[in-house]
Amino acid sequence: MKIESNKFYFLIIFLFGIVDVFAGPGGSGPPAPTSKKPPPPPGLSIDENSVIIIAISLLFGIYIIYTNILKTKTPI
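Numbering (this note's numbering), first residue to last: 265 to 340.
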């Protein structure tokens, strides 16, 4: 059993090595100290449609609960 476990770990390490090769060299590093300020963030807001997403998730939850109640048999 121990040999099988070692093969699994070697496979994972091998796959990490392949991913590292495809990822390429490291990042560009920190900005140069002579630069004045970083570029502005993108214009889109993260929570632009959060109210719609919450409403859809609530409706989906109500649907799941309702279908679960219909499937369960109530004793008389």
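Hints in this document: simulated from the structure, not taken from any laboratory.
Hints should not be assumed to be uniformly reliable.
Here are the simulated SDA-like pairs of lysine to any residue, each with C-alpha atoms no more than 25 Å apart in a straight line [stated by the list, open to error]:
{"hint": "1", "residue 1": "Lys271", "residue 2": "Phe286"}
{"hint": "2", "residue 1": "Lys271", "residue 2": "Gly281"}
{"hint": "3", "residue 1": "Lys300", "residue 2": "Ile282"}
{"hint": "4", "residue 1": "Lys335", "residue 2": "Ser321"}
{"hint": "5", "residue 1": "Lys271", "residue 2": "Pro289"}
{"hint": "6", "residue 1": "Lys335", "residue 2": "Leu323"}
{"hint": "7", "residue 1": "Lys301", "residue 2": "Val285"}
{"hint": "8", "residue 1": "Lys335", "residue 2": "Val315"}
{"hint": "9", "residue 1": "Lys335", "residue 2": "Glu312"}
{"hint": "10", "residue 1": "Lys300", "residue 2": "Ser321"}
{"hint": "11", "residue 1": "Lys301", "residue 2": "Ala319"}
{"hint": "12", "residue 1": "Lys271", "residue 2": "Val283"}
Tested hints:
1. Between the alpha carbons of Lys271 and Phe286 the distance comes to roughly 23 Å, so the proposed pair stays at or under 25 Å and holds.
2. A C-alpha spacing of about 15 Å is found between Lys271 and Gly281, which places the hinted pair at or below 25 Å, so the restraint holds.
3. The suggested pairing of Lys300 with Ile282 is violated, with an alpha-carbon distance near 38 Å, which exceeds 25 Å.
4. For the hint linking Lys335 to Ser321, the alpha-carbon distance of about 21 Å falls within 25 Å, and the restraint holds.
5. With a CA separation close to 28 Å, the supplied pair Lys271 and Pro289 exceeds the 25 Å bound.
6. Straight-line distance between C-alpha atoms of Lys335 and Leu323 comes to about 19 Å, which keeps the hinted pair within the 25 Å bound.
7. Between Lys301 and Val285, the direct Cα distance comes to roughly 32 Å. Violation of the 25 Å bound is thereby established for this hinted pair.
8. Between Lys335 and Val315 the CA atoms are separated by roughly 31 Å; this puts the pair beyond 25 Å, and the hint is violated.
9. For the suggested pair Lys335 and Glu312, the alpha carbons sit about 37 Å apart, so the restraint of at most 25 Å is broken.
10. This hinted pair does not check out: Lys300 and Ser321 have alpha carbons roughly 44 Å apart, beyond 25 Å.
11. A hinted pair counts as satisfied when its Cα atoms are at most 25 Å apart, and Lys301 with Ala319 does not qualify at roughly 39 Å.
12. Taking the CA atoms of Lys271 and Val283, the gap is near 18 Å; set against the 25 Å cutoff, the hint holds.
Checked against the numbered hints given earlier, the structure breaks hints 3, 5, 7, 8, 9, 10, 11 and satisfies all the rest.
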